[in-house]
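Quick note, the sequences are listed as chains L and G, same order. Residue numbers for the first sequence follow our numbering, beginning at 9 and rising by one. Residue numbers for the second sequence follow our numbering, beginning at 71 and rising by one.
Honestly, I wouldn't trust all of these hints.
Covered by chain L, according to a simulated footprint, are these stretches of chain G (three or more residues, beta-carbon under 8 Å) [said to hold, decoys possible]: (1) 122-132; (2) 139-148; (3) 152-159.
Now the in silico label distances, taken between C-beta atoms and shown as ranges [claimed, not checked]: (4) N361(L) x S138(G): 24 to 30 Å; (5) A286(L) x A200(G): 28 to 34 Å; (6) K191(G) x L267(L): 51 to 57 Å; (7) Q116(G) x G541(L): 40 to 46 Å; (8) P54(L) x A196(G): 37 to 43 Å; (9) A291(L) x K135(G): 30 to 36 Å; (10) G132(G) x Q448(L): 30 to 36 Å; (11) S340(L) x Q198(G): 43 to 49 Å.
The set of hints was computed from the structure by calculation and includes no laboratory data. Cβ coordinates follow ideal geometry from the N, Cα and C atoms, glycine included.
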Amino acid sequence: MGNGDDSYSLSRRRLLQMIGSTAGGAAMYQAMSSLGFAAESPYRGPIDLQGAPKGASVLVLGAGMAGMTAAYELRNAGYDVQVLEYNARPGGRTWTLRGGDRYTELGGLTQQCEFDQDLYINPGPWRIPYHHHGMMHYVKRLGIKLEPFFQVNYNAYLHSSKAFGGKPQRFREVKADYQGHVAELLAKATRQHALDASVTKEDQEILLESLRDWGALDKNFAYVASDAVSDRRGYEKNPGGGLSARPVLSKPMTLHDVLGSGLWQGIPSGDAFDMQMALFQPAGGMGTIGEAFGRELGPLIRYNSKVIDIHQDSSGVTVTFTDSLGHESKQSLRADWCLCTIPLSVLAQIPMNVGQKMAAAISAVPYASAVKAGLQFKRRFWEEDEQIFGGITYTDLPIMNIGYPNTGFQSAGKGVLLGAYIWGFSAMEFTSMTPQQRVQKVVEYGSQIHPQYHKEFDNGVAVAWHRSPFSLGCFGTWTSDTRARHYEDLCQIDGRVALAGEHASYLGGWQEGAVTSALDAIGRLHQRAVAQGAKV
Amino acid sequence: MRGLLLLVVAAVSAYADSPMLTSRAALGSLTGEQIYDHICQGCHMQGGQGATGAGAYPKLAGNGKFVSWEFVAQTVLNGRGGMPPFGAPANQEGSSRPHLTDAQISDVVNYVRTHFKNSYKSTVTADQVAALPHPAAELFGPQ
């Protein structure tokens with residue numbers, strides 16, 4: 009485990025198993041963001057590809073974020089660029105489902121999205137952290153309007169089916185009470201001289217004041233109902249104006265209840281580097297970025313093209329493809345260079361004459377399972393009844409997350425929320441269901457948190473990433489071991505072929521990984537092209 | 071980081087009371103057929119029919135490679151290409167990564183080798199699966 013203290017780990021594990029988990033989704037995010045995702049984006053401003061050799065050509069495979077970033081920059085630099093894309097649309101996993109859209113998953117089941125106008129779900133990426141500088145750059149350059157994404161909403165819920173009788177708790181109550189009780193305990197330890205050996209007398213004084221401040225403790229360093237505490241965790245009755253103005257203070261949960269509930273696991277949900285606000289979402293859905301890139305590249309992208317062979321020789325690369333709708337026979341395109349952004353889950357199955365090292369790397373990366381469901385309701389009850397405006401509720405139920413729309417607040421009519429965002433074995437189990445069963449299950453589970461589901465549910469869609477025909481999974485999952493053995497081999501240019509995509513980055517699963525890996529790869533391809541000079 | 075991974079164990083174990091089968095407790099009692107229906111079928115489809123898009127999930131029905139139980143067991147244990155590994159990490163007993171036990175892997179291997187037009191007589195035991203190489207180290211967390 010790397011910490012060299014197995015006895016500690018085991019007892020901790022048993023303890024957690026005993027308590028049971030809550031806020032599983034938050035824990036998942038935390039685990040995810042610690043798997044090499046937390047590296048800051050290497051993006052350092054617009055790429056400079058001056059001096060492209062006259063007539064040099066690049067064939068880009070895949071019109072997702074990596075492929076389109078590369079095609080856009082290479083075209084602007086004067087390269088002759090063509091893009092082959094399996095889907096009938098640009099964007100890849102940068103994708104939005106809106107009313108009227110049809111989606112057919114592997115296995116042949118088709119869903120018709122029946123959302124009202126302007127309502128949507130992002131089956132793939134749904135947020136852009138402010139420090140994803142590459143994404144922020146292209147969003148600006150493409151003229152995409154951004155909206156805030158509320159990673160943390162103090163009025164959303166942390167929910168455990170096993171604590172508080174299954175009643176969801178407000179994030180702000182759990183946070184205030186956990187923080188308050190911990191501050192009280194630490195103040196007690198300090199005043200009982202338990203810290204004398206490690207903290208100077210003077211620092212203890214400062215520590216005590218900071219604990220009072222941090223935990224909303226009273227003059228005796230106790231965490232008890234008070235104005236200050238209700239100002240953190242909320243009031244039983246909010247202060248107002250006029251005759252009915254007087255607030256009624258709320259009563260904190262006990263330390264025992266807070267700890268036993270396990271809900272504290274959800275408190276750091278906005279603390280990971282990738283989850284720290286500000287985060288953004290494109291107005292109208294993440295798919296607008298893919299669509300804008302697609303418009304920009306226009307006829308350079310050939311859609312419905314399924315790559316079946318990639319062959320390089322000393323002077324170029326020939327890519328053979330069929331019409332993915334099955335109507336045409338084999339065709340091929342040739343270019344001096346090839347930037348391949350096809351997900352490794354697919355690429356591992358395509359014949360390609362690269363060296364053993366790159367081939368081994370391509371086959372070494374399993375793809376994650378994830379499921380997202382979008383549910384349309386007849387009204388925005390989460391806003392009207394529960395005052396939840398955007399943000400995320402975390403639960404130990406298999407749906408793991410409920411994401412509330414971060415836009416269109418208080419609008420009349422129907423509303424769409426993210427009813428589930430599921431990982432791991434649970435995602436595999438949801439994947440094994442039909443789309444209708446998935447939606448039904450998501451509604452069933454979600455109604456334990458929002459009983460209004462029963463009455464207000466209208467329609468829904470559920471995307472299981474392992475059934476995505478164009479990616480066969482959600483994203484590539486590296487381990488420290490496979491990274492050490494294969495990552496550099498994956499990223500090295502092999503003859504005339506370079507790979508890019510989130511799988512060729514330390515920002516796995518993030519669009520920023522796709523963008524920065526594409527820029528890195530075309531920068532190196534450009535150097536080689538320049539070194540070879542103009543075509544004779 | 072590791073502490074956070076441990077939370078995932080708990081996250082998975084928390085479904086024990088739900089009708090979903092993907093809790094660690096419920097996982098332990100799944101038969102080979104149930105494992106297929108609730109996990110494998112996500113990709114390999116009902117009846118082991120497989121599926122084809124930009125890439126393909128192999129058809130398990132009438133699959134000649136299944137003559138080798140080792141091949142099937144190795145694939146389930148360690149994954150293959152984009153397919154995730156399902157075996158317990160060799161050096162991490164009780165790892166935080168959700169996984170199938172050797173007994174469950176033998177169950178599901180026996181199930182797919184005797185269904186979907188496959189009728190291989192030889193069955194495999196948990197001990198035989200245990201003797202095969204397992205995933206080398208702690209793999210990925212939530213998946």
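Hint-by-hint comparison with the structure:
1. 122-132: holds (count 6)
2. 139-148: Since three or more residues must qualify, the claim that chain L covers the segment 139-148 of chain G is violated, with 0 doing so at under 8 Å.
3. 152-159: holds (count 4)
4. N361(L) x S138(G): 24 to 30 Å: holds, 28 Å
5. A286(L) x A200(G): 28 to 34 Å: violated, 50 Å
6. K191(G) x L267(L): 51 to 57 Å: holds, 55 Å
7. Q116(G) x G541(L): 40 to 46 Å: Violated, since Q116(G) and G541(L) (Cβ atoms, about 56 Å apart) do not stay within the stated range.
8. P54(L) x A196(G): 37 to 43 Å: Violated, since P54(L) and A196(G) (Cβ atoms, about 58 Å apart) do not stay within the stated range.
9. A291(L) x K135(G): 30 to 36 Å: violated, 50 Å
10. G132(G) x Q448(L): 30 to 36 Å: holds, 33 Å
11. S340(L) x Q198(G): 43 to 49 Å: The hinted range 43 to 49 Å holds for S340(L) and Q198(G), with Cβ atoms some 47 Å apart.
Violated hints for the displayed structure, listed by number in ascending order: 2, 5, 7, 8, 9.
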